[in-house]
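Generate the whole structure from the sequences, applying the supplied hints.
Line order of the protein sequences matches chains A and B.
For the first sequence, our numbering assigns the number 5 to the initial residue and increments by one for each residue that follows.
For the second sequence, our numbering assigns the number 5 to the initial residue and increments by one for each residue that follows.
Any given hint could turn out to be false.
When the alpha-carbon atoms are kept at most 20 Å apart in a straight line, the in silico EDC-like pairs for lysine to aspartate or glutamate are as follows [claimed, not checked]:
#1 A/Lys163 / B/Glu178
#2 A/Lys47 / A/Glu17
#3 B/Lys163 / A/Glu178
For the chain A half of the interface with chain B, some residues (derived, Cβ under 10 Å), not all of them [said to hold, decoys possible]:
#4 Leu97
#5 Pro156
#6 Asn165
#7 Val168
#8 Leu169
#9 Trp176
#10 Arg179
#11 Val186
#12 Met188
Sample of chain A residues lacking proximity to chain B, with all beta carbon distances greater than 12 Å (derived) [what the hints assert, rightly or not]:
#13 Arg250
#14 Trp275
#15 Thr279
Because the hints were derived from the structure by calculation, they are not lab data.
Just so you know, even glycine gets a beta-carbon here, dropped at the ideal spot from N, CA and C.
2 protein chains.
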Amino acid sequence: MKILRTIYAEDLEDIAIGGAILGTGGGGDPYVGKLMAQEAIRKHGPVKLVDVEELADDALVVPVCMMGAPTVMTEKLPQGDELINAFRQLEQLLGRKIDAVLCGEAGGVNSTTPFVVAAAGGLPLVDGDGMGRAYPELQMVTFTMHGVSATPMVLCDDKGNSLVLETVSNAWTERLARAATVEMGGSALLAFYPMSGEVAKRAVVRGTLSLCANLGRTLRETRSINADPVSAITKMLGASIIFNGRVKDIDRRTVGGFARGSARFDGLEEWRGHTFKLDFQNEFLMAERDGEIICTTPDLITLLEAESGNPVTADALRYGLRLVALAFPCNPQWQTQEGIALVGPRYFGYNTDYMPYPF
Amino acid sequence: MKILRTIYAEDLEDIAIGGAILGTGGGGDPYVGKLMAQEAIRKHGPVKLVDVEELADDALVVPVCMMGAPTVMTEKLPQGDELINAFRQLEQLLGRKIDAVLCGEAGGVNSTTPFVVAAAGGLPLVDGDGMGRAYPELQMVTFTMHGVSATPMVLCDDKGNSLVLETVSNAWTERLARAATVEMGGSALLAFYPMSGEVAKRAVVRGTLSLCANLGRTLRETRSINADPVSAITKMLGASIIFNGRVKDIDRRTVGGFARGSARFDGLEEWRGHTFKLDFQNEFLMAERDGEIICTTPDLITLLEAESGNPVTADALRYGLRLVALAFPCNPQWQTQEGIALVGPRYFGYNTDYMPYPF
Chain A
5 MKILRTIYAE
15 DLEDIAIGGA
25 ILGTGGGGDP
35 YVGKLMAQEA
45 IRKHGPVKLV
55 DVEELADDAL
65 VVPVCMMGAP
75 TVMTEKLPQG
85 DELINAFRQL
95 EQLLGRKIDA
105 VLCGEAGGVN
115 STTPFVVAAA
125 GGLPLVDGDG
135 MGRAYPELQM
145 VTFTMHGVSA
155 TPMVLCDDKG
165 NSLVLETVSN
175 AWTERLARAA
185 TVEMGGSALL
195 AFYPMSGEVA
205 KRAVVRGTLS
215 LCANLGRTLR
225 ETRSINADPV
235 SAITKMLGAS
245 IIFNGRVKDI
255 DRRTVGGFAR
265 GSARFDGLEE
275 WRGHTFKLDF
285 QNEFLMAERD
295 GEIICTTPDL
305 ITLLEAESGN
315 PVTADALRYG
325 LRLVALAFPC
335 NPQWQTQEGI
345 ALVGPRYFGY
355 NTDYMPYPF
Chain B
5 MKILRTIYAE
15 DLEDIAIGGA
25 ILGTGGGGDP
35 YVGKLMAQEA
45 IRKHGPVKLV
55 DVEELADDAL
65 VVPVCMMGAP
75 TVMTEKLPQG
85 DELINAFRQL
95 EQLLGRKIDA
105 VLCGEAGGVN
115 STTPFVVAAA
125 GGLPLVDGDG
135 MGRAYPELQM
145 VTFTMHGVSA
155 TPMVLCDDKG
165 NSLVLETVSN
175 AWTERLARAA
185 TVEMGGSALL
195 AFYPMSGEVA
205 KRAVVRGTLS
215 LCANLGRTLR
225 ETRSINADPV
235 SAITKMLGAS
245 IIFNGRVKDI
255 DRRTVGGFAR
265 GSARFDGLEE
275 WRGHTFKLDF
285 QNEFLMAERD
295 GEIICTTPDL
305 ITLLEAESGN
315 PVTADALRYG
325 LRLVALAFPC
335 NPQWQTQEGI
345 ALVGPRYFGY
355 NTDYMPYPF
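Here it is as C-alpha cells:
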C-alpha cells in the first residue's frame, strides 16, 4: 500500500487548524481532538495516510466520530479509549478485521479523532471524509447517498455505557443516537457506516485531511513571514471574502443536543455601513448581507480572525471580534438532488432553494 | 418439568384483570397485552406455566417487557412480533438457547406480554415476576437487588429499529432505554436481565401470575353470584380498604416518558366528610387521607370501582367515578434497605420514610 504521508504528533497542529477552517464554525473544538490524537500517536506511533484508491475493493473500512454539541465536548474532555472501544466493539460485531479507518467529517474535532483509532490499531487512515466539511447530523454524509447504512453502529460514553444500534434508516440512527448522546451528558464516541473499499472509492470526499494539513501549514508559514494569512487561505480554498466586520450581537442556545443561534456583524473597511448575519446549528448554515441571502449550506461559510487568519467557531464568537467571512463551494456530491435533500437549506428549515455560491 | 397449569387464550381475560389489580394504577393497559398474548396463543398454542423451582440451576431465563408511558402504549398498539424480535436478538447475542421466559412485572400490560414470547417459542413461562406489582422504571426489579445486570438488553420499536445496550448500572440502562423509548414514539419492547435458573430461584417474586389469574377469576365469579366483588378481592389480597369516595379532581401530564400526576377524592359512606389524595408516576405511589400519609410505595395501593370491583388505572381516572382504594403489603424483598433505596418514597422525591402499611 502506497503511503501518501506519515503523520506524527506535531503534524496534528496543522490538521486541527485546517479542520477548524473546513468545520465552518462547528464540528467541535479541534483542540480536543488534537490532544486525543497526539496522545495516541505518542503512545502507539505515527499514522499512515493513504489514498482511498489504495484500498482493496473487498477491504472493510470504518469511520469513527465524536458526536454532540461542541459546547459540551469542550467542557467534557473525552478519553481516546472510548473511541477505540467503539471501534473494537464494531469490529467484533462484524466478525471481521477492519482494514482501514475513515474520517466521517473533516471539519472540527472529527478531522483528528480518526487518528486516535488508526494509531492505536496500527491501521491506515484514508485521506478523505464523508462531508468535505462539518455537519450537525450523522446522516449528513456522502455515504448516505451511496446507500451505506449507518448501522450497525456502536456508541460509547465516558462512563462505560455502550449501545449497538440497528435502524431502518440513517435518519433514525441520528434520532436515536442523538437522544442517547444527550442522555449520556451531551457527547459520545462512535464507530459506524461500515463499508467496503469499493463503496469508499465512490463515496469518499477525497484529500480532505491533506487539505486540512496544507491549510494549517499555509496559515503558519504566511504568519511567519508577516504575509497576509487571510489572503493565502482564501486563495488556497478558491474562496471569496463575503464580509469583513465586527461581531455586534450573538444569540446562542443549546437545544436538543445542538448549539443553535445566529450572529450579527457591522461592516468595516470596504463593508462599512453594511450588515451581515450568520445562522448556525453547530455549523454556519446561512449568510445574509444587508438582509439578502448570499450563501447557504451546502456551500461552506467560514470565519477567520482578520489579523491572525485563525478560524473562529460559532462557540468562540464574542462581541467585538474582528472577523472576515469566506464562502467557498461544497463538494459536487452535495449539489445533487439527493445531496440537497440531505443538507440543503430547506432541510434546516429555511424557505429558500440552494443556489451555488457565487449566485 | 412439572406444569403448574396450561394457559389458553381465554385464560388471559382473568390474568389481565388480575394484572390491573397488581398494577396499582400503572403498568400499562392490560387490554393491550391481553390482545397480543391471545393472538400469539391462538397462533402458536397454549403456554405452560411452571414454578421457578422447576428450572435447572444452569438454565438461561429471560424476562420480556413493554416499556413506555401507559397513555402512549394504549394509543400505539404494538405488534407481538417486535417483542419476539427483541427476545430472539438477545438469544443470538448470548449465543445460547434461552430455556424459559420470565415476567418482569406482574402488573398491567406486562403481566400478559411474556405469554407472547412463551407461546411463539414454545417455552415454559415462570409463575412469578420481578416486582409482585408494577413500577415505572426498569431498574426497579428484585433482580437488581440480586446483582443481575439489566444488560445485555435488546430494545425494539414498531418501525424496525433496535438497540443493544451494555451499561455500567441498571439505573443507566433505565436512562438510556427511556431516552430511546421517548424518541421511538413513547413505547418499545424489550428483552433484558438474562439470568440463570439458580439466580431466578432467589430473585423471583413467586406465584404472581397465578395470583393474577385467581384475582380475575374471583372478580368474575363473585359478580356472577351477585356477591360483593370488592370484599372478595380485599380478602384475597389481605388488603385494607383505606378510602371510599368519588374523584373530584385530577392533575395529569406526560413528562419524560412517564404519566405523572395526582387525583383527589371526596369521601362517601363511612368516609363522608373526609378527603383522599393519590399521587402517581405511572403507578400509585402515595396515598394521603385528610392530609396525612397513610400508605406509600413499595406497599401496593390500588383502586377498584365500588360496584363492579373492576380495577381502575391512573389513566382511566375520571371526574365523578366512585371508587374504593385498597392498600396491601409489598413483597418482603422490597422492605429491605436495598429495596427501599430502589423504590421507597424518597427515591420518588417524597420527604418521608417508608412505614409498612398498616403503620
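Right, here's what the structure says about each hint:
1. Taking the CA atoms of A/Lys163 and B/Glu178, the gap is about 15 Å. The hint holds against a cut of 20 Å.
2. The hinted pair formed by A/Lys47 and A/Glu17 meets the criterion: a straight-line CA distance of about 17 Å does not exceed 20 Å.
3. Taking the CA atoms of B/Lys163 and A/Glu178, the gap is about 15 Å. The hint holds against a cut of 20 Å.
4. Satisfaction of the interface hint for A/Leu97 is found here, the shortest Cβ-Cβ separation to chain B being roughly 9 Å, below the 10 Å cut-off.
5. Look at A/Pro156: its Cβ gets to within about 9 Å of chain B, closer than 10 Å, so that hint holds up.
6. Interface hint at A/Asn165: satisfied, since its Cβ lies 5 Å from the closest Cβ of chain B, which is below the 10 Å cut-off.
7. Interface restraint check: A/Val168 against chain B, minimum CB-CB distance 4 Å, threshold 10 Å, status holds.
8. Because the beta carbon of A/Leu169 sits about 6 Å from the nearest beta carbon in chain B, less than 10 Å, this interface hint is met.
9. Checking A/Trp176 against chain B by beta carbon gives a least distance of about 5 Å; that is within 10 Å, so the hint holds.
10. A distance limit of 10 Å between C-beta atoms decides the matter here; for A/Arg179 the minimum to chain B is near 5 Å, and the interface restraint holds.
11. Taking 10 Å as the C-beta cut-off, the interface hint given for A/Val186 holds, the closest approach to chain B being about 7 Å.
12. The beta carbon of A/Met188 comes within 7 Å of a beta carbon in chain B, closer than 10 Å, and the hint placing it at the interface holds.
13. Every beta carbon of chain B lies more than 12 Å from that of A/Arg250, the smallest distance being close to 41 Å; the non-interface claim holds.
14. The claim that A/Trp275 is not at the interface with chain B holds, since no C-beta of that chain comes within 12 Å of its own (minimum 44 Å).
15. Here A/Thr279 stays apart from chain B, with its beta-carbon at least about 39 Å from theirs, past the 12 Å limit.
Violated hints: none; the structure is consistent with every hint.
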